[in-house]
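There are 4 protein chains.
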Amino acid sequence: MEKPVTLGIGVIGTGNIGTYHVDRIASRLSGAAVTAVFDVATERAREVAESVGAATRDQDLDVIHDPGVDAVVVASPGHLHADQVLACIEAGKPVMCEKPLATTTSDALKVVEAEVAAGRQLVQVGFMRRYDQGYRQVKEALDSGSIGEALVIHAVHRNPSVPESFREFMAITDSVVHEIDTSRWLLGEEIVAVTVRSGKRSPHALAKDPQLVHFETESGVLVDVESFVNCQYGYDVRCELVGSEGYAVLENPMLSASVTSGGRRTTVPADWRERFDSAYGAELQAWIDGVTTGRYDGASAWDGYAATAVADAGVRALEEGRTVAVDLVDKPSFYAGR
Amino acid sequence: MEKPVTLGIGVIGTGNIGTYHVDRIASRLSGAAVTAVFDVATERAREVAESVGAATRDQDLDVIHDPGVDAVVVASPGHLHADQVLACIEAGKPVMCEKPLATTTSDALKVVEAEVAAGRQLVQVGFMRRYDQGYRQVKEALDSGSIGEALVIHAVHRNPSVPESFREFMAITDSVVHEIDTSRWLLGEEIVAVTVRSGKRSPHALAKDPQLVHFETESGVLVDVESFVNCQYGYDVRCELVGSEGYAVLENPMLSASVTSGGRRTTVPADWRERFDSAYGAELQAWIDGVTTGRYDGASAWDGYAATAVADAGVRALEEGRTVAVDLVDKPSFYAGR
Amino acid sequence: MEKPVTLGIGVIGTGNIGTYHVDRIASRLSGAAVTAVFDVATERAREVAESVGAATRDQDLDVIHDPGVDAVVVASPGHLHADQVLACIEAGKPVMCEKPLATTTSDALKVVEAEVAAGRQLVQVGFMRRYDQGYRQVKEALDSGSIGEALVIHAVHRNPSVPESFREFMAITDSVVHEIDTSRWLLGEEIVAVTVRSGKRSPHALAKDPQLVHFETESGVLVDVESFVNCQYGYDVRCELVGSEGYAVLENPMLSASVTSGGRRTTVPADWRERFDSAYGAELQAWIDGVTTGRYDGASAWDGYAATAVADAGVRALEEGRTVAVDLVDKPSFYAGR
Amino acid sequence: MEKPVTLGIGVIGTGNIGTYHVDRIASRLSGAAVTAVFDVATERAREVAESVGAATRDQDLDVIHDPGVDAVVVASPGHLHADQVLACIEAGKPVMCEKPLATTTSDALKVVEAEVAAGRQLVQVGFMRRYDQGYRQVKEALDSGSIGEALVIHAVHRNPSVPESFREFMAITDSVVHEIDTSRWLLGEEIVAVTVRSGKRSPHALAKDPQLVHFETESGVLVDVESFVNCQYGYDVRCELVGSEGYAVLENPMLSASVTSGGRRTTVPADWRERFDSAYGAELQAWIDGVTTGRYDGASAWDGYAATAVADAGVRALEEGRTVAVDLVDKPSFYAGR
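Here the protein sequences line up with chains A, B, C and D, keeping their order. Going by the numbering used here, the first sequence opens with residue 1, and the numbers climb by one from there. Going by the numbering used here, the second sequence opens with residue 1, and the numbers climb by one from there. Going by the numbering used here, the third sequence opens with residue 1, and the numbers climb by one from there. Going by the numbering used here, the fourth sequence opens with residue 1, and the numbers climb by one from there.
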């Protein structure tokens, strides 16, 4: 009998996150196989490709144009994303782009304009938290009306440590960008202003850290985000959405506890893989399903553009020590309801 | 380029759990496709098969012998399991059998003997809790030595309600059988005696309910299990493993909380699907992987046999109102380390 | 102006718990002062008395008959309790007797009979858990009807360690006697049968430990109590009351958490003082208030008698390895509503 | 025999908090009795006085100078505090002043100067949270070094609702003033700058609410406080102290849970009495003990001055929409170690 058709996936970038996606597509998801891979680190690309029976290509465009590639995962360095996504749109191939969609607002806008011109949705941006069950419960609590109307969000985003190459603006472009997206998604409205504060530096930090980032949204919701990339103890992402009648709060998943003479102990996630593994899996499976059906429920190119614009404003707020307004173009009607 | 080989899976039984497995294999797991399906409810079988592009077969053996079937999932009524699993062994096809492996100890033993005679592992029994992250953490706490040596297990197994056809012995053969397996697996030793007590009956129950089931293991560990199949409020599975230096406890997964004037509220799983969805997924993916590699890490035929023998003793303990000893045959060396 | 009258309290026994009460009356409660003290350890008694400005007496009866003593706290060894309480009744002086009321059922019954003969309530038994806010919340949950009718209680009572003089029956007479009282109080009915099981012994234990004690009540509620007096890690008292529509559960009080690379840690109470300090305070203040008003809301002599009778049955159940029935005399109408 | 001496307490102000203190001194604390009472609401004052056997006086100074009054509790409206406390100092009588110590920084400074001139500690300010077990555990976690050096504090202070007379600056002077004190006390350093932000107003609020108040301390620790006085659902005070190696967090006390088909429910405190009843009791008992010994461990006049100065700056920050610096006089050596 006929076996079901398997979607061919091309993967650009085989660093940590790219390999993570390759492995998952090959061994834990349905309906897709990695068929072509590219990375400038050719040896690494070859190892990853071989481990899943995929071919290697000489450059990113070769992956995109490969006839065995039905859809593309972009997991390259961020400054390359926009061009690669634009090439996918031009080739008419669905693309799942890791955050950020682009490193400049103008580049992100080009993607939006290209997709609108193409007339069909081809781009999903990898804001995986939208697939996290806990975040979904927080959103459901708000959408159900039980906690009233949203007034404030308190968020915490902590990483145990960062490499020496880390620069303080990356706390905004790489870490807080997730809170930018979750805030917009939870609230269903745009962020209009950003302020960044920092104080005492952690003795483990080489740059300002922790930093407190404050957003204000169109309707006046205040969002606090603590970004702390050298917190030492684990990977800790939290979110409390305060409404006029109550609040909903994301908890660190806790499956068991152990009690000894040292007290009652539960674990804290070690890193983003442990914390969001299920969300990454759900995101990628939903995207694979979406490639077939043409319907996507993840973050759109517009979401990627808005996140980039807010992050840009945030970097300026950090550098200039003042509140910076976010200026977005009018949202194309194409994105209504996406 | 060559797409990876997809394993053909035959599924016997398309009731709740069978359909659950079919859907997952088709849409959420890697490396397998459902190719043939059988159920005595032929219309239902046809619908399920069509939904995933599989064929229907006229009887269970036809599924097993189908050349497009590389491995079999048995999800039929329990009294048919042993014969179907024996047929799989005879056909040399790996089989994942939903619990119970058999409804009588002697039938379960026949499966063990047949597999030993076959000389290679073909049978995995569907005790999915072994793949639950929370249970794994409890086991790790014990295995790490941090809580000392095991002394007592307290377990709770509650279902919101049961159909009218439910009989009180089923609390043992269908519900508590999971605690039989988890206790054996956590402790790494056999259960040697069973006692059942019941008292005041829930006004929602048509038979004795709740029931308290007590096990004693080879080394003297005492295991308490509350089985309550009409608890009304949700599906609630808990386990506290008490050691000489501390204890480890399974918690209900909690991802978010919502706070209103009614207090702080977290959800309780509605049913086994919600609670153990991830475990079922991990179990099935691991089994599919195992079919390829020949290495399985789930419950073996021996585990299925031992669970059936303890459940049998439990039913007698319930009927006769006394402590009943469990008599197992000597464990074949074939199962050492499985 | 006139200062309010202070009640004179005599304290018999200045061991751990006696001194604990003396200190509290002297320094943290209202309306009473310790005026006379006796202990066979005369030096210790003198130190305790001096620390609070009280006198020492040469024997227990001298405390009871002291004109400066308005009411008596009995904190002597348990086998002396009944005679001392009887002397208080005879002297017409209110008495707060630490548990147990007596070490034999017949002695406890004598106290009941004497109080009934006296015609007014003079005796309160020191089951302090009735004043614990957590236990009160569990009782309120049941009494409110929200969890339906009571069906099962699961209780845990763990102590870090016990002195060498500890004998295994003491687990019942000294530890589980608290669960006897809380079960009767929560459910508002008597316990009719007791069974004790033990299995693997903790390597830290000199006698059977842990032990599982099972009660059945008049209406058929099943009560499980794990007594573990060498649990090493802390003092841990828990109680889950399972009803036909839900359950209520006592938690270990948790006021803060600390999170480091070792995970999230909360404390476990070190001992009964830490866990029940507030309950002891509320109990003693309520009793002092009751001495003035003549109205008591703590455990009565009847409660002390019933607890002793159940504990007696439990000791026999332990020694004889069988279920032992509890035979209580008819409850005097004097105790209706107390 | 001689009964112990009871301290005579005068209470100025018999509103909510004054009556709360009167009742507690009379019925739940040791070593003191309320002897004289004053309130401009003379009828209310009479009722309160009679309920505890105290006398009423015609004005505040009469209470202070009453020979039966050994020490004074000031629970009048805030703008009267400074003068009443100054009168106590002049009379050489210890005084426990409810927060705030004064409503202007200059008045608070007068108290400090008067106490320094008096040469002995007479003033304690009613920041009761310093006696809350949860806050003490957070402080211990920091002081122990286990969470490293302090970097950030996140605090939440929510009240269910406020009377119509509430004005938005009161969120700072009446609510956040507690976080001002706890931050100073936890960190052991002064606050140097304040900023206030507000956004979308709760539909239940008549003034800006919620408000986000930000402090910076001498060493650069950043403190976020959400003040929300119309949160509807309960009284909710939380505090997370983030250090360089981990964090410590205050939890809402949770003593029991109840689980029904609506989920798992725990209570949220209804109001400040429920949440801080134990802390108020411990504070008042410690102060009474301190009157005798001359040693106090609560908030000093300096703490009251600093809190007033920061609150003043906060009100200006609110009104002027900018960051306002806090200018304190040099701390007198008198307060070293207090």
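Some clues are possibly wrong.
Copies of the same chain look alike in the list, so a pair counts if it fits in one copy or across any two.
Here are the computed lysine to any residue pairs in the SDA-like style, where the Cα-Cα straight-line distance is at most 25 Å [what the hints assert, rightly or not]: (1) 139 to 167; (2) 208 to 193; (3) 200 to 323; (4) 208 to 325; (5) 331 to 195; (6) 93 to 319; (7) 208 to 219; (8) 331 to 269.
Because the hints were derived from the structure by calculation, they are not lab data.
Now the hints, each set against the structure:
1. 139 to 167: Classified as neither; 32 Å inside a copy, 33 Å across copies.
2. 208 to 193: both (21 Å within a copy, 19 Å between copies)
3. 200 to 323: So residue 200 and residue 323 pass the 25 Å test inside a copy (20 Å) and across (18 Å) alike.
4. 208 to 325: both (22 Å within a copy, 22 Å between copies)
5. 331 to 195: This pair counts as within: shortest intra-copy Cα distance 24 Å, inter-copy 34 Å.
6. 93 to 319: Intra 38 Å, inter 55 Å, cutoff 25 Å: neither.
7. 208 to 219: Answer is between; shortest inter-copy Cα gap is 14 Å, intra-copy 30 Å.
8. 331 to 269: Answer is neither; intra-copy 37 Å and inter-copy 40 Å both fail.
The earlier numbered hints that this structure contradicts are 1, 6 and 8.
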